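J.: Each protein sequence line maps, in turn, to chains P and W.
Quick note on our numbering: the first sequence kicks off at 791 and runs consecutively.
Quick note on our numbering: the second sequence kicks off at 212 and runs consecutively.
These are calculated hints, taken from the structure and not from any lab test.
What you are looking at is a predicted structure, and each value in this text was computed from that prediction instead of being measured.
Some clues are possibly wrong.
[As the list claims (entries may be wrong)] Listed below are the simulated DSS-like cross-link pairs for lysine-lysine, each with C-alpha atoms no more than 27 Å apart in a straight line:
{"id": "1", "chain 1": "P", "residue 1": "K818", "chain 2": "P", "residue 2": "K844"}
{"id": "2", "chain 1": "P", "residue 1": "K916", "chain 2": "W", "residue 2": "K218"}
{"id": "3", "chain 1": "P", "residue 1": "K924", "chain 2": "W", "residue 2": "K221"}
{"id": "4", "chain 1": "P", "residue 1": "K916", "chain 2": "P", "residue 2": "K927"}
{"id": "5", "chain 1": "W", "residue 1": "K549", "chain 2": "P", "residue 2": "K946"}
{"id": "6", "chain 1": "P", "residue 1": "K978", "chain 2": "P", "residue 2": "K898"}
{"id": "7", "chain 1": "P", "residue 1": "K910", "chain 2": "W", "residue 2": "K543"}
{"id": "8", "chain 1": "P", "residue 1": "K916", "chain 2": "P", "residue 2": "K961"}
{"id": "9", "chain 1": "P", "residue 1": "K946", "chain 2": "W", "residue 2": "K543"}
{"id": "10", "chain 1": "P", "residue 1": "K898", "chain 2": "W", "residue 2": "K543"}
{"id": "11", "chain 1": "W", "residue 1": "K218", "chain 2": "P", "residue 2": "K898"}
{"id": "12", "chain 1": "P", "residue 1": "K946", "chain 2": "P", "residue 2": "K916"}
{"id": "13", "chain 1": "P", "residue 1": "K927", "chain 2": "P", "residue 2": "K910"}
{"id": "14", "chain 1": "P", "residue 1": "K933", "chain 2": "W", "residue 2": "K221"}
{"id": "15", "chain 1": "P", "residue 1": "K961", "chain 2": "P", "residue 2": "K818"}
{"id": "16", "chain 1": "P", "residue 1": "K935", "chain 2": "W", "residue 2": "K221"}
{"id": "17", "chain 1": "P", "residue 1": "K946", "chain 2": "P", "residue 2": "K1003"}
{"id": "18", "chain 1": "W", "residue 1": "K335", "chain 2": "P", "residue 2": "K933"}
{"id": "19", "chain 1": "P", "residue 1": "K898", "chain 2": "P", "residue 2": "K910"}
{"id": "20", "chain 1": "W", "residue 1": "K335", "chain 2": "W", "residue 2": "K543"}
{"id": "21", "chain 1": "W", "residue 1": "K335", "chain 2": "P", "residue 2": "K913"}
{"id": "22", "chain 1": "W", "residue 1": "K335", "chain 2": "P", "residue 2": "K860"}
{"id": "23", "chain 1": "W", "residue 1": "K549", "chain 2": "P", "residue 2": "K844"}
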Amino acid sequence: MALLEVNNLCISFGGLRAVDDFNLSIEKGELYGLIGPNGAGKTTVFNLLTGVYKPNEGIIRLEGQDITRKSTIEINHAGIARTFQNIRLFKNMSVMDNVKVGLNERFKYSTLEGILHLGKYSKVEKEMDAEAEKLLKVFDLDKEKDILASNLPYGKQRKLEIARAMATNPKLLLLDEPAAGMNPNETKELMDTIALVRREFDMTILLIEHDMKLVSGICEKLTVLNFGRVLCQGETKAVLSDPEVIKAYLGE
Amino acid sequence: MKLTMNKKTKDNLITYGIVVVAFAVFQLLAVTGNLSSHMKGLLVPMTYYAVIAVALNLCVGILGELSIGHCGFMCIGAFTSAFFSKVTEESLPTAPRFILAFVIGIAFAALFGFLIGIPVLRLKGDYLAIVTLAFGEIIKNVINAFYIGVDSKGVHFSLKNAMELGMEPDGQLIVNGAMGITGTPHNSSFTVGIIVLLLALFVVQNLVNSRDGRAIMAVRDNYIAAEATGINVTRYKMMAFIISAAIAGAAGVLFSHNITTLTASSQYFGYNASIMILVYVVLGGIGNIRGSVIAACILYLLPELLRGFNTYRMLIYSIVLIVMMIYSWSPKVLEWRKRTLGNINFPWKKQRA
Ligand SMILES: Nc1ncnc2c1ncn2[C@@H]1O[C@H](COP(=O)(O)OP(=O)(O)O)[C@@H](O)[C@H]1O
Ligand SMILES: [Mg+2]
Chain P
791 MALLEVNNLC ISFGGLRAVD DFNLSIEKGE LYGLIGPNGA GKTTVFNLLT GVYKPNEGII
851 RLEGQDITRK STIEINHAGI ARTFQNIRLF KNMSVMDNVK VGLNERFKYS TLEGILHLGK
911 YSKVEKEMDA EAEKLLKVFD LDKEKDILAS NLPYGKQRKL EIARAMATNP KLLLLDEPAA
971 GMNPNETKEL MDTIALVRRE FDMTILLIEH DMKLVSGICE KLTVLNFGRV LCQGETKAVL
1031 SDPEVIKAYL GE
Chain W
212 MKLTMNKKTK DNLITYGIVV VAFAVFQLLA VTGNLSSHMK GLLVPMTYYA VIAVALNLCV
272 GILGELSIGH CGFMCIGAFT SAFFSKVTEE SLPTAPRFIL AFVIGIAFAA LFGFLIGIPV
332 LRLKGDYLAI VTLAFGEIIK NVINAFYIGV DSKGVHFSLK NAMELGMEPD GQLIVNGAMG
392 ITGTPHNSSF TVGIIVLLLA LFVVQNLVNS RDGRAIMAVR DNYIAAEATG INVTRYKMMA
452 FIISAAIAGA AGVLFSHNIT TLTASSQYFG YNASIMILVY VVLGGIGNIR GSVIAACILY
512 LLPELLRGFN TYRMLIYSIV LIVMMIYSWS PKVLEWRKRT LGNINFPWKK QRA
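Just need the whole structure built from these sequences, with the hints factored in.
T.: Put into structure tokens, the structure is as follows:
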């Protein structure tokens, strides 16, 4: 059984068919690329997968379980975490606290224990701190843990967003153009981070990117979107030599 | 990790310390006869304004939702607790009665926070400001129309006038329409006010440093990211708003047990009063709990202390407002404070999704 199985997903905004008859199947452990020119509907696919938009048609299954009409929160609890094309951090909170928000649903004590700082509070907070520090170390953010998220340099903000998503212990990680706005150095570092996440957490990743060169190096499989429709789908090599894809990209 | 914990704990202790020291100083001045009776009369109001400023800062600064009707919750707390204290004045000893009055005032304020929160907090946008504004005004007008009396047959209620209650001759009129509640026992004192303030600080500061507090601030900073991170946005908004309303209710209990005649007047519970609290919060630094306490105390006492200056009073008051504004908000001053005091003040920004 595929980890993520998407069938015939459709959504329209007014007259615009932003995503039309979209199909996707991702196996556990894969690094899968979703590419296409700007406005192709890639981010809309992410918003459909995470329940931000409800599809007009189609079905989404995670480990065989139907999550199509679930809320964003339920979908996160079911095991999908994401990052955003335009970074969305908790800006006025520390780097550490950003990650601890990600741990919020996994490490629990009651509101009363929180207000009184009694009961399980100290023990669970310690566990959260330890877990958060472990994650921050993986992403090389441990030295910055006490500074405000908004004061991080751009590349590190991207990393923190991934760290926060990983803190929810997802089965599937969605990355929306993580290299957008990065210089070649930062992009290289980011690719290393993604490789690290795969190795370290054995993570399945769906990656959006509009730069073809970038994904072709690291993804095993690709889906190419154009005007909301799947243009081509399959092993990276085969997709990249597909005449339709070449035409769409050269015609950009 | 040790360091952050210690820093947060230390920060909280400093706040409690400031309150305790201020309490000691005022007590000393009072004991040594250096406080005029006029000044003594200002001490309890100073504490309940500090309490409601803390409550409002939880709503505006920590949750990031603008409320301009917080005095409405104070009004609920004031009237429900005063009613209770009047009814049980003869039958209960002072201490347990006063504690129960707090429980009741807080519970009713929280209940109204919940009722208002249900429709409003699901919406995204500044609707809360509008609805709380209306709520504050409505609650005031509704209470002004209430006539409630108690006799041996039980509680009588009317919206017309006291005669309509049809009470037995020995019945007791408790809420007398626009004339409100008269003769609530004077149980509030400066000491009680300080204790309530310390408790309010304890609740809010501890909440902020707990998983619920982090979730609340995450919702404030970016609710879209919060949802994607599995945070139940509505639940946490509701939690913060109810706790905020409850604390405002506690301020109301202090209020009603410090005044001979409690009326639902605009002066105390209208939107202008709510905006005055908002001014305390903004000038103390949004999201800065300690700042709210300090700003509330200074800005409440100041106009009274300046009475001697007569014509220049409002001028000086305005200058102080401007200076506080600069101290709390100017990026340059914040930078300077960060360097010299190590006191990081998080400027508050409402995020637009
Ligand atoms: N909420 C929305 N309302 C209307 N149109 C939208 C909305 N979200 C996306 N679209 C449209 O759908 C199309 C695909 O957008 P998007 O998924 O962001 O593209 P990509 O991420 O591939 O660059 C665009 O034409 C965009 O304007
Ligand atoms: Mg996009």
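J.: For a quick check of understanding: which of the numbered hints are violated here, in increasing order?
T.: 6, 7, 10, 18, 20, 21 and 23
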